[in-house]
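Trainee: Spelled out, the chains give:
There are 2 protein chains.
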Amino acid sequence: MTLYYSVLIIGGGLIGSSLARAIKANELADRIYIADVDSKACGVLRTLDIADGVSADFRDFIGLADLVILATPPGVMKSIGAGVVEGMKSGGVLTDVGSIKLDIVRHFSTFMRSDLHFIPGHPIAGTENSGPAAGFAELFEERWCILTPVEGSDESEVARLSELWEKMGSQVALMEAERHDMVLATTSHVPHLIAYTLVGTAMDMETVTRNDVVKYSAGGFRDFTRIAASDPEMWRDVFLQNKDGVLEVVDRFIEDLSALKRAIRWDDGDTLLSHFSKTRDIRRKIIDAGQDTDKPDFGRE
Amino acid sequence: MTLYYSVLIIGGGLIGSSLARAIKANELADRIYIADVDSKACGVLRTLDIADGVSADFRDFIGLADLVILATPPGVMKSIGAGVVEGMKSGGVLTDVGSIKLDIVRHFSTFMRSDLHFIPGHPIAGTENSGPAAGFAELFEERWCILTPVEGSDESEVARLSELWEKMGSQVALMEAERHDMVLATTSHVPHLIAYTLVGTAMDMETVTRNDVVKYSAGGFRDFTRIAASDPEMWRDVFLQNKDGVLEVVDRFIEDLSALKRAIRWDDGDTLLSHFSKTRDIRRKIIDAGQDTDKPDFGRE
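As given, the protein sequences belong to chains G and R, one line each in that order.
Adding 20 to a residue's 1-based position in the first sequence gives its number in this note's numbering.
Adding 20 to a residue's 1-based position in the second sequence gives its number in this note's numbering.
In case anyone wonders, no lab produced these hints; they're calculated from the structure.
It should be emphasised that the depicted structure is a prediction, and the values quoted were computed from it without experimental measurement.
Mixed in with the good hints, there may be bad ones.
Same chains, same label: a pair holds when it works inside one copy or across any pair of copies.
Claimed, not checked - Think about it this way: if two alpha-carbon atoms lie no more than 30 Å apart in a straight line, the pair counts; the simulated DSSO-like pairs of lysine-lysine are:
| id | residue 1 | residue 2 |
| --- | --- | --- |
| 1 | Lys109 | Lys263 |
| 2 | Lys109 | Lys187 |
| 3 | Lys44 | Lys298 |
| 4 | Lys60 | Lys305 |
| 5 | Lys298 | Lys60 |
| 6 | Lys298 | Lys98 |
| 7 | Lys281 | Lys98 |
| 8 | Lys263 | Lys98 |
| 9 | Lys98 | Lys109 |
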């Protein structure tokens, strides 16, 4: 038994195309449609043979879908949101895979219809690669997916959407949108901002050539370049839409960095050592929780 | 033909024990001795069977060695340096594997003997693991090793030491100690400082639990924890000994981060997008240069 008859995925990039693959591989829907405004992406999606229909215009499928999944950059979700909601059939479920939840919830609440079920979501999965060809069915396995249902959401629809994610291999957590955004500011958004910043700083040093940076990157720098190679457009949207959470965590980070800087300047080795010793423990816990690597055969380039 | 008759490695941790393994595997010396003040480490080193002699006291072997390699934390190198130099036999070569060069060069110049060859070195290789059991013979393969010979160094001895590294699989670069330290501040030291800082910031958030941080670390955070799990004592020494280089790069980083923070606060998406787009290119170059991963079978846990 499939979970939904007809699913429309809007946005066929890394996440959207992986969703189509995973839904197909696990037989979770009878019909899978993908819409992507990029005609080149549509061409790739057609050759991949992971959908029953591919179009540049979501309106071609929107009236058919029992489940609509928004998998575009967050900024695009907001600009097409009203049209998506307007076109959906009564009783349909609308979800998304965006990295910020509060901003989307607020925006969609201004035009949401009472005969639809809106259940925002966010799979904590991804690789540094983007585009439809980069996707794979196993992307969500052993990864967390956070759903942030609004007050009064239909429990059976939340359960059905949770089951979809679980059948694709994820563990599902339910939490409020506001809490989600602060957790993700800490574990994802600010790490990305810092990585982007550091790679830029290194590129602009006059005393160190770009060739040096590349050659000697195995000393630690390369881990930052991996993160800083992520989709620029998506991350611009993320930072602007989770502004409050990101700025709060960044300010604390700068405070903490300034304290360590001061310890270095004043030769305060004890402060450094005690700080560096406590951070080891978290690494061990991440390894124990199985969150330390991408899928061995897929996620790493 | 071996390159050296007798080699003494002082410090039998990840790097020191990997050196012993690589020298043995590639038959680069007739005799390999390891000294490590930690008696537990000595026990492990003996069971590994990678040396002809293991002792807690380097004085047991120092008079025998044609090549002495200092592979202790940088702080220890400075405290034992005078005793090492005093005990070496005439004509011997002294090198090290420390992450900072200028501070060591200055310190050792105060007691260096004119009948020894002092050729500081730094292999850009390592993993997050430490201790003798974590080492492996392939650690230096396809990695850069920087040598910073002082003015007037014997060219044939620099060539012989370069050959040792090349036979272990490394590429050798020669540069001045000062330049080395600025390059490494950028590609290694500041990335580590930032990773240590961010992991600490996340641990101290009141609104985000440590359990959250572990669960959702796949969003970017886990790459920082990998770096922030490195040996705390070694990194304390690194930051204190490359103080000028580290503080210069950190100050620039904070400036750049503040500029991006300001762009977020003022909704300046264009500044963010143009910054994020330029950093992708470096990642591609690192992949092309083969510096993007540790050894597939060893370096990753």
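Trainee: Regarding lysine 60 and lysine 305, is the shortest C-alpha distance of 30 Å or less found within a copy, between copies, in both, or in neither?
Mentor: between (42 Å within a copy, 26 Å between copies)
Trainee: At most 30 Å between alpha carbons: which applies to lysine 281 and lysine 98, within, between, both or neither?
Mentor: between (41 Å within a copy, 23 Å between copies)
Trainee: 30 Å Cα cut-off: does lysine 98 pair with lysine 109 within a copy, between copies, both or neither?
Mentor: within (20 Å within a copy, 74 Å between copies)
Trainee: Evaluate lysine 298 and lysine 98 at a C-alpha cut-off of 30 Å and name the case that applies: within, between, both or neither.
Mentor: Answer is between; shortest inter-copy Cα gap is 26 Å, intra-copy 41 Å.
Trainee: With identical chains treated as interchangeable, where does the CA-CA distance between lysine 109 and lysine 187 reach 30 Å or less: within a copy, between copies, both, or neither?
Mentor: Cα proximity of lysine 109 and lysine 187: one copy only (25 Å, versus 69 Å across).
Trainee: For lysine 44 vs lysine 298, is the C-alpha pair at or below 30 Å within one copy, between two copies, both, or neither?
Mentor: neither (44 Å within a copy, 36 Å between copies)
Trainee: Up to 30 Å between alpha-carbons, please classify lysine 298 paired with lysine 60: within, between, both or neither.
Mentor: Classified as between: cross-chain Cα gap 23 Å, same-chain 49 Å, threshold 30 Å.
Trainee: With identical chains treated as interchangeable, where does the CA-CA distance between lysine 263 and lysine 98 reach 30 Å or less: within a copy, between copies, both, or neither?
Mentor: Classified as within; 16 Å inside a copy, 47 Å across copies.
Trainee: When Cα atoms must be at most 30 Å apart, do lysine 109 and lysine 263 count as within-copy, between-copy, both, or neither?
Mentor: neither (34 Å within a copy, 64 Å between copies)
Of the hints listed earlier, those the structure fails to meet are numbers 1 and 3, in rising order.
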